[in-house]
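These two chains come separately, so use the hints to put the complex back together.
The listed protein sequences correspond, in order, to chains A and B. Take 1 as the starting number for the first sequence in this note's numbering and just add one per residue. Take 1001 as the starting number for the second sequence in this note's numbering and just add one per residue.
Worth double-checking, as some hints may not be accurate.
Unchecked claim - Taking lysine-lysine and the BS3-like style, the derived pairs with C-alpha atoms no more than 30 Å apart in a straight line are: (1) A/Lys227 with B/Lys1363; (2) B/Lys1051 with A/Lys103; (3) A/Lys227 with B/Lys1069; (4) B/Lys1326 with A/Lys227; (5) B/Lys1256 with B/Lys1314; (6) B/Lys1117 with B/Lys1202; (7) B/Lys1102 with B/Lys1260; (8) B/Lys1314 with A/Lys227; (9) B/Lys1314 with B/Lys1234; (10) B/Lys1235 with B/Lys1260; (11) B/Lys1176 with B/Lys1102; (12) A/Lys437 with B/Lys1159; (13) A/Lys115 with B/Lys1341; (14) B/Lys1314 with A/Lys115; (15) B/Lys1346 with A/Lys103; (16) B/Lys1202 with A/Lys103.
Bear in mind the hints are in silico, worked out from the structure with no lab data behind them.
Residues per chain, in single letters:
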Amino acid sequence: MTDTTNTTNTTDTTSAGEGAETGGTRGADSRAPSRRSLIGWGGAGLALGAAAAGGAVAMARNGDDAEPTAAASGAAIAFHGTNQAGIATPVQDRLHFAAFDVKTTDRAAFVQLLKDWTEAARRMTAGHAVGEGAYGGLAEAPPDDTGEALGLKPSRLTLTIGFGPSLFDRFDLADRRPEALVELPKFAGDNLDGNRSGGDLCVQACADDPQVAVHAIRNLARIGFGKVVIRWSQLGFGKTSSTTPEAQTPRNLMGFKDGTRNIAGTETDRLKKFVWVEEKDGPAWMVGGSYLVARRIRMNIETWDRTSLQEQEDIFGRDKGEGAPVGKAKERDKPFLKAMKPDAHVRLAHPDTNAGATLLRRGYSFTDGTDGLGRLDAGLFFLAYQRDVRKGFIPVQRSLAADALNEYIQHVGSAVFAVPPGVRDKDDWWGRALFSKDSKVSQSSTNSKEA
Amino acid sequence: MRAVRLSVVTAAATAAALAAVTGCTEKSDASGGDDRVVKVTATDSKCEVSKTKFPAGHIQIDVENKGSKVTEVYLLFPDDRIVTERENIGPGTKQKVTAEVKEGDYRIACKPGMKGKGIRQDVTATGSGKVAKRDPRLDAAVASYREYAQEQADETLPKAKVFAQAVKDGDIEAAKKAYADSRIGWERTEPVAESFGDIDPKVDLREDGLEEGQDLEKDWTGWHRLERSLWQDKKLTDRDSELADQLITDLTDWQKRVGKAEITPTSMANGAKELLDEVATGKVTGEEERYSHTDLVDFKANVEGAEKSYELLKPVASENDAALTKELDTQFAALNTLLDKYREDKTSYVFTSYDKVGKADRKELSDAVNALAEPLSKLAAAVVK
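Extracted from the complex, chain B is given alone in its bound form (with noise of 0.2 Å):
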């Protein structure tokens, strides 16, 4: 889960890789320019910043630590998104940070310890540094793609509610059955939730998931602590009454940020993949929905949200890499023809219990999502070939 919750700024972050390439010559513009290096001396106490104003476009971060704990150092959009960051800088030690940013307010954060808030700088990118243009066609891909994630927040929050109403009457029954569905718009737009990084281990985090330390009664929330409650211990108390009441609380606040997010066509590309990454690790295997067994229905979100970036990015992608997009299009339907063999109608979630699938049939299942997710890793290059 936490790789993936990176994703999309993992995969903005290799655009600008992309576009840094381009401009080899301007390499100069960080190391020869001092105006694009920004140098930040951390200390166990302070972040100090050697400018607060430089150029958009090119910047590099020079940091260097010389407190006495580890730290990491982010740069931020001013509402914490993340623009890039370096952790595990040692006491003593030196790194570099690079970014491609646009015109506006940003924000250094130390994190001494590797902790907490951290001890925050306003910087400001100013004037109009480069920054390539594009296709004016991806960027309607992108408006689309941003559209979707909004629809599918919106669509989520009623269908949580009945799950969360459920949990609170105690009706187990009717909680196990509006579960599944209360799941699938979270998981079509995975990549996107998880990039805001603090509201996926709230609500999709899974009990292998917490760390060392963080307590199982305590610090578990979310869908899969109830799915706990429904199928293993079959039995709902006080503590999954509040659980419901944050499930939704948290939710409330992605269906307000959703339409923020930094979504870019090689983001959108690269999350495609990543769902069905998501589809490979955790839901052929059946480790996801481990209680309910409705991994299938997650799989099946997942493939959805998937084909939604590939069917918006397509029209350029076709033009750059015909050959990708017809082994896409057949890949997409030969999974999707797999999967409907697990559900009675084409337009029903309600799947086959994983546990029912067996071994040869998963085989099946994880090799149409080899074949799929394979070409799909290509996708992110046509788009911006």
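Here chain A stands alone, though its shape is the one from the complex (with noise of 0.2 Å):
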């Protein structure tokens, strides 16, 4: 028959043991039954008009309330502070991005999900369940979360969020949009899918274990049905850059180091004046905050691959072993850029050639199966942050009009978002200064009352 007779009956004793201890590694609560002496009865068979008595409920939680166990390095990275975690913060090994469209017309029942999604982020940031728990809640209801992380460490786990432009065309929020918003100009090469472009808001998961990752986003769009709806998702592995002063850079799918002088979380300096935005940019919403820039970039794997070696590295401006600038020896060697072709990519991208400007980015390959020519649906999902999308990407993205690198790669999906500051504690939420009718409640207001 069917497999979902496993709910009517008794689990063996055995896997009731495993989830048990699974379920301890999360902050087990002693006040919580144990999973074993739920199962006892929990998945009973038929009652013949039974309706529960309300009084065991709440003792049947499942209390997940404790701190997470310091197990293991990097456990959780803090949810609050100054900026949103994420962005400066060390890059993960994956990432599960999601951007949503709003449903909802009513401003209160939007804030009020953005209220649910950050405490929901809160929890999970922490490595705990959303809500309460995955199991030993009311047999009735499906559960709060949805429980594939269970047992898994925070995993590093960031969620940061992110506003669209098309936001601001809801709920009054016109006058609030930020001047440096701006929808990105056509590009030439791009071939923009529209169904993996745009969307009103978007968050960016990032973790160690790619399952942390996509229970986040699975929840928050669990939580979100009826307001919001994903629009686009974009799993990624492989990081191919770092804001951790390593000794290496990760390869992208090329093979090539790409973005070698990335901004690292500890160059106070660099971040402050490329990436957080200032009081003196405006609005006042924004302070401590960043603008996302996140492109889908296919790649033109196969015939990559086919390309002679000395073309690879001439098209890069690297070599393809250490990664090093042309003519020089390691790969954070200040580069000779006269020394690369007129159309290297190093060398159009660099911000010499930009007038100085320079992204924080946090790129992720992917690989979404093939494309029905057989050919690898892959590529690199880039994301970068800026203090101002026309001082950093656009003038980049414009030079890089001529790169050679354009024949292996196409522009298929593009976002922008206004990323707010971070959470600062456990009563503040995602986007709190946006919607608060009082400009003065600002988020730069509660910093200076905090410094």
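Here it is in structure tokens:
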């Protein structure tokens, strides 16, 4: 018959026992009943007209309130802070990025969603289950948490929210739209798919374990049903840039190191100069925030792989082995741009070619199967943070119009978001300053109060 | 389809689970008190039970398969409805099945090889075991819903007969016209109909629902088989006439049995959610009515059936969770408004052919279904709180 019968019957105790162990590693609470004792009757058979009395329900909740065990290093990245985590914090291995459209027209409902999301994000980044957990709750109802991250470490999960230009057409927000949040112009070679572009808001979930990142997006989407819907999403693996001053820069799917001079989380001055929005940049609610450009860049993997090594190296302006700029020995050696071909990627992307324009890159490789023509649907999901898109991504991308690499890549998805500052404390929530009617209650005033 | 077939059973089972959690201290009733444990020893030819009488309330069935075949064990009502079941019990293994049962007669069945009607033993639950009392308003809701299910079956049969007659007359156009209409009552109450298990595969199976070894011509019966003849083969044969007669026979069976379905407040609530799940997995994708493209008619009927359950449960649910019922009101209205875009007027069941509904519009429908189904999944909890 069907596998649905599992729900009607008692599971054998072996797997129940494992469940208890797994649950425990996520901070089991002594008030919670053991998973084993619940399963004794919890999977029970048919009630003939049964309805439950209320009292025992609370007892059966999944107590998931304890601090995560300080298990293993890199357990959890602080959720609260001046800036959102997931930008200058160390880059994790995996990504699940989702862009949403807003469906509700009710401002209060949307604000409530942001609060609910913040609370869920606060719990998930700390390694807790959402709401009342994934098991042990009311047997009648689906659990609050979907459960696939139970027993996994927090895995340095960061959740970062951004607001797209189209959000400001809603909820009377037009006068709060930052000037810097421009729609990106059409760039040479763009072949953008509307179904992979735009969005009223986005959430970037990065974690060392892909299941943790996917769990986070899935649960936020679930909380959002009826208010927001996923417009598009992207999974990413193999970070292609680093925000920690490591010895080696990660490689993209072309096998090259790119962005070796990315801004490190420790480089306070460069972060201040190129990434974080300041008071004078306006508007007040964005101070401590940043602007995110997301581009899905498809690579023509097969033709690239048939390209000679010399040409590959000429195109990038680096050698393939070490990643050193043309004529240099080490990847981080200062490049001599004139030694490169005029259309070399590094030469055109370098700050010196672009009046100093510098981005914080946080891209990931992606492979979404094949494209029906037997070619890998793969490439780079490019994520860049900057203080002003007009001084960051736009000039750099314009400069790349002549890039020799363009023969092997195509930009197929595009979006831009205003990424608000961090959630300050347990009473704060994503976008509070933007949605607070009293403009004095801005993020910056909270900042100065606490400073 | 098959997953939903068990829906009412499953939903009711979770009600038992809930009652059981409430009675955590009663755990000893089963594990300690031997009178509530029934040992079942299954072999390839026997199904021995350690006792044929046990007290009503929580019981535990300890199954040991001493045979050479994989088996499954059922606790059944006298009319074969399933109380609880456990499948895939391998040779030499033991399994436990628990249930909460009222006073009355039951059967325990073992099915060696997981085939056939099984080897059966009559058993009796005696005395007055603990079964929770429930709100009389919920009993009223169940009674009304039972009536509704019966009405739907009663009204469907004549419509199905019109359809069947057109098929037998070889009148393709008339049959096409009567097709979708003949399914509305069924679609509105699908989880109830499916709870019987045997009727649904006969009348509502899709081509891809056939199992390996089943013959497309011989074993595939019901609406969708005729749908294919009408829209794809574009001709009616003697076999189709037989199928039309068979459909009426099976639907008559449904009409006779629907009043006896096991319905609980929670199965009503979860049945409503499952109707939306049906929409989400079969209709939104256009798989259900792949030849006729009348998916939106089924879609609407599923939503109406879900709404009926909801309206009946709402008096209790709104007391327990006012925010939830407010949200459900909003989302039912939003989905209905959206569906109205695809028909000329609100009384008509003539909807836009689903192959004319573009990708973006399908996503919009899917989004609206998600927006409703997610809160609807919390209705059962609000009913039993």
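Evaluated hints:
Using a Cα cut-off of 30 Å, the hinted pair A/Lys227 and B/Lys1363 holds, with the two alpha carbons roughly 15 Å apart. Among the hinted pairs, B/Lys1051 with A/Lys103 is inconsistent with the structure: their alpha-carbon atoms are about 59 Å apart, more than 30 Å. With a CA separation close to 51 Å, the supplied pair A/Lys227 and B/Lys1069 exceeds the 30 Å bound. Distance hint between B/Lys1326 and A/Lys227 is fulfilled; the C-alpha atoms sit about 14 Å from each other, no more than 30 Å.
At most 30 Å may separate the alpha-carbon atoms for a hinted pair to count; B/Lys1256 and B/Lys1314 meet this at roughly 29 Å. For the suggested pair B/Lys1117 and B/Lys1202, the alpha carbons sit about 17 Å apart, so the restraint of at most 30 Å is met. Between B/Lys1102 and B/Lys1260 the CA atoms are separated by roughly 16 Å; this keeps the pair inside 30 Å, and the hint holds. For the hint pairing B/Lys1314 with A/Lys227, the CA-to-CA distance comes to about 22 Å; that is within 30 Å, so the pair holds.
Straight-line distance between C-alpha atoms of B/Lys1314 and B/Lys1234 comes to about 46 Å, which puts the hinted pair past the 30 Å bound. Among the hinted pairs, B/Lys1235 with B/Lys1260 is inconsistent with the structure: their alpha-carbon atoms are about 38 Å apart, more than 30 Å. With a C-alpha separation of about 47 Å, the suggested pair B/Lys1176 and B/Lys1102 falls outside the 30 Å cut-off, and the hint is violated. This hinted pair does not check out: A/Lys437 and B/Lys1159 have alpha carbons roughly 58 Å apart, beyond 30 Å.
At roughly 33 Å between alpha-carbon atoms, A/Lys115 and B/Lys1341 are farther apart than 30 Å, so this suggested pair is violated. Only pairs whose Cα atoms come within 30 Å are accepted, and B/Lys1314 paired with A/Lys115 is accepted, the gap being roughly 28 Å. About 24 Å separates the Cα atoms of B/Lys1346 and A/Lys103, which keeps this hinted pair within 30 Å; it holds. Annotation: proposed proximity of B/Lys1202 to A/Lys103 is violated, straight-line Cα distance about 40 Å (limit 30 Å).
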